[in-house]
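> The listed protein sequences derive, respectively, from chains U and G.
Mapping the first sequence onto the numbering used here, position 20 (from 1) lands on 20, and the numbers just tick up by one.
Mapping the second sequence onto the numbering used here, position 5 (from 1) lands on 5, and the numbers just tick up by one.
In short, the hints are calculated from the structure, not lab data.
Warning: the hint list may mix true and false statements.
Put simply, identical chains are the same to the list, so a pair is met inside one copy or across any two.
[Stated by the list, open to error] Pairs of lysine-lysine, DSBU-like flavour, derived with a Cα cap of 30 Å: (1) Lys21 with Lys234; (2) Lys126 with Lys21; (3) Lys234 with Lys6; (4) Lys225 with Lys6; (5) Lys96 with Lys271; (6) Lys84 with Lys126.
The structure presented is a predicted model; accordingly, all values stated were derived computationally and were not measured.
Protein chains: 2
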Amino acid sequence: MNTIEKLQNDYNQFLNQNSFKGSPDNLYNPMNYIMSLGGKRVRPLLSMIGNQLVNGDAQHGIYIGHIMEVFHNFSLVHDDIMDKADSRRGKPTVHKKWDEPTAILSGDNMLVKAYELLINYTGPNKDAILKTFTKTAAEVCEGQQNDMDFESRNDVDIDSYLHMIQNKTAVLLGCSIKCGALSGNCNEQTSNELYDFAINMGMAFQLMDDYLDTFGNSDNTGKIKGGDILQGKKTWLFLNSQHIDQEKHQELFNDENNSTKVNAIIAHWQKIELDKQCLQLIEDYNKKAHSNLERIEKNGVDTELLIELLNYLSERQN
Amino acid sequence: MNTIEKLQNDYNQFLNQNSFKGSPDNLYNPMNYIMSLGGKRVRPLLSMIGNQLVNGDAQHGIYIGHIMEVFHNFSLVHDDIMDKADSRRGKPTVHKKWDEPTAILSGDNMLVKAYELLINYTGPNKDAILKTFTKTAAEVCEGQQNDMDFESRNDVDIDSYLHMIQNKTAVLLGCSIKCGALSGNCNEQTSNELYDFAINMGMAFQLMDDYLDTFGNSDNTGKIKGGDILQGKKTWLFLNSQHIDQEKHQELFNDENNSTKVNAIIAHWQKIELDKQCLQLIEDYNKKAHSNLERIEKNGVDTELLIELLNYLSERQN
Numbered sequence: 001m002n003t004i005e006k007l008q009n010d011y012n013q014f015l016n017q018n019s020f021k022g023s024p025d026n027l028y029n030p031m032n033y034i035m036s037l038g039g040k041r042v043r044p045l046l047s048m049i050g051n052q053l054v055n056g057d058a059q060h061g062i063y064i065g066h067i068m069e070v071f072h073n074f075s076l077v078h079d080d081i082m083d084k085a086d087s088r089r090g091k092p093t094v095h096k097k098w099d100e101p102t103a104i105l106s107g108d109n110m111l112v113k114a115y116e117l118l119i120n121y122t123g124p125n126k127d128a129i130l131k132t133f134t135k136t137a138a139e140v141c142e143g144q145q146n147d148m149d150f151e152s153r154n155d156v157d158i159d160s161y162l163h164m165i166q167n168k169t170a171v172l173l174g175c176s177i178k179c180g181a182l183s184g185n186c187n188e189q190t191s192n193e194l195y196d197f198a199i200n201m202g203m204a205f206q207l208m209d210d211y212l213d214t215f216g217n218s219d220n221t222g223k224i225k226g227g228d229i230l231q232g233k234k235t236w237l238f239l240n241s242q243h244i245d246q247e248k249h250q251e252l253f254n255d256e257n258n259s260t261k262v263n264a265i266i267a268h269w270q271k272i273e274l275d276k277q278c279l280q281l282i283e284d285y286n287k288k289a290h291s292n293l294e295r296i297e298k299n300g301v302d303t304e305l306l307i308e309l310l311n312y313l314s315e316r317q318n
Numbered sequence: 001m002n003t004i005e006k007l008q009n010d011y012n013q014f015l016n017q018n019s020f021k022g023s024p025d026n027l028y029n030p031m032n033y034i035m036s037l038g039g040k041r042v043r044p045l046l047s048m049i050g051n052q053l054v055n056g057d058a059q060h061g062i063y064i065g066h067i068m069e070v071f072h073n074f075s076l077v078h079d080d081i082m083d084k085a086d087s088r089r090g091k092p093t094v095h096k097k098w099d100e101p102t103a104i105l106s107g108d109n110m111l112v113k114a115y116e117l118l119i120n121y122t123g124p125n126k127d128a129i130l131k132t133f134t135k136t137a138a139e140v141c142e143g144q145q146n147d148m149d150f151e152s153r154n155d156v157d158i159d160s161y162l163h164m165i166q167n168k169t170a171v172l173l174g175c176s177i178k179c180g181a182l183s184g185n186c187n188e189q190t191s192n193e194l195y196d197f198a199i200n201m202g203m204a205f206q207l208m209d210d211y212l213d214t215f216g217n218s219d220n221t222g223k224i225k226g227g228d229i230l231q232g233k234k235t236w237l238f239l240n241s242q243h244i245d246q247e248k249h250q251e252l253f254n255d256e257n258n259s260t261k262v263n264a265i266i267a268h269w270q271k272i273e274l275d276k277q278c279l280q281l282i283e284d285y286n287k288k289a290h291s292n293l294e295r296i297e298k299n300g301v302d303t304e305l306l307i308e309l310l311n312y313l314s315e316r317q318n
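Model the full structure from these sequences, guided by the hints.
Put into structure tokens, the structure is as follows:
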């Protein structure tokens, strides 16, 4: 078992021993249900690794990681209502298995419980962790609202889009590793560098998700090729295509035949080299992440675990 | 201007100067909209009075009161979605003026902002306030879920009902006065006595609301007489009626003629003296609240402001 798997096992064991307890069942069962659906547990991993990098007390790292996972799952429960999503990880979403009021309320209670855990936290840097977490929580709400607003707008610029995905996805990754490091008594400079590392990593991953949805081998991704195109999702590719040639873009997206539409759009985007530009942007973020790692190492921190994590996370994208 | 009005003015001025600021507008405008709809500002009043009773720094009292009002309004935004309510205080609810996703998300962000305010609080007893607030927030969620569960259950006992209304309504009143007092450097014993006082006061008010809906003079209450009966709402009166004679209860509620239904049920409840029993229970809570006040006074605290508040709040019920 490699280190990443071991950390995942440790977290899942912690989770089993720390399920939510309370009454009524209709409030607490949905909370435990969503937490049990699994996943890679990227946020707890980041906190645990942040803590270990600076030789912190591992108990504090896992505890902080759990808070990040609770917050992440709160946001999933509410996002699934907003997105009218029926399933998550092959199981019904909370509002489908129960109902919308129950999903709203159990989500609310998860946010309260994330704070309850924070307030009962006994390790180092409690105030800094509370502040970082709270700033992040508001940014995640702002990112989700921007995402919804963008769906009905035709004037979204690329910077706003990148800002939105940073808030919606990357900041919680940054918060997870930073707070994990702070729980290990990390100094401010290194904890901020770790934060920036995770932001850059998160941006690269999010953009790669978009890239692979359109240009990836659907046998490997397990998704329908061009799913984002068919949904008219405002990805980096979509928005750039719109900005470069609004008329051509509109014409291609007006095609009502789904199969010719996807292929024509992919061919056009390859012709205008959007695929290469997207890969270049991903590469830029990856380079920034590596620069962050180098600076962290200069502070005497061994970043091997982060490299392992990057490799582990990249596997899904091959 | 009496003291209560002055405190209300102070709070409304504080609110005007402390509106939420942030982007996107679709997230922050709904937050400021719900806060601006007004009301008696009972929770800020309780915090400000709790603070003044112990001669605290009034700035801390109003700050804590604002946090309670933000939390209260968060719960209103989400409850209105769950209850499918179209209007509040004569204005459209947030999910009607905007939409449900926006209402979910701006509610979430209000809960985050309540914590942000708490984290930035610089007065006395920060930890105790954070703990009291967080315990209360979870209880409010539990109370709301119980309320929803009870609507589809036929076996709700009276104690569970009282526990539900305590969580749904009274605990935030208790939290408001207790945290206000703590912000004035109040000792634990008196702050707990103030908490109990507000719980008993809140229970009496909630039960009086139910009583007046059925037995009050609708010219004064401004509500349709028997609104709860027509909705089949599981009030203290409904549940007791059901427990005393399930068959008779069912027969009366099966009447499809609304006007004879309301009158027949009221006559029956008067005959079996449910009206008197309800008033007796309210009186019991009021007596308990007054005992709390006496004990608070024995600790050298002048409770005149609380008496003023009680008189002010009672006016609506005459």
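> Have a look at lysine 84 and lysine 126 and pick one of within, between, both or neither, based on CA distance no larger than 30 Å.
neither (37 Å within a copy, 40 Å between copies)
> Is it within a copy, between copies, both, or neither that the alpha carbon of lysine 126 lies no farther than 30 Å from that of lysine 21?
both (24 Å within a copy, 26 Å between copies)
> Treating 30 Å as the Cα threshold, decide for lysine 21 and lysine 234: within, between, both or neither.
between (40 Å within a copy, 27 Å between copies)
> At most 30 Å between CA atoms: does that hold for lysine 96 and lysine 271 within a copy, between copies, both, or neither?
neither (42 Å within a copy, 45 Å between copies)
> As a check of your reading, is lysine 225 near lysine 6 (CA-CA no more than 30 Å) within one copy, between copies, both or neither?
neither (34 Å within a copy, 65 Å between copies)
> If the cut is 30 Å between Cα atoms, do lysine 234 and lysine 6 qualify within a copy, between copies, both or neither?
neither (37 Å within a copy, 51 Å between copies)
Violated hints, in rising order: 3, 4, 5 and 6; the structure is consistent with all others.
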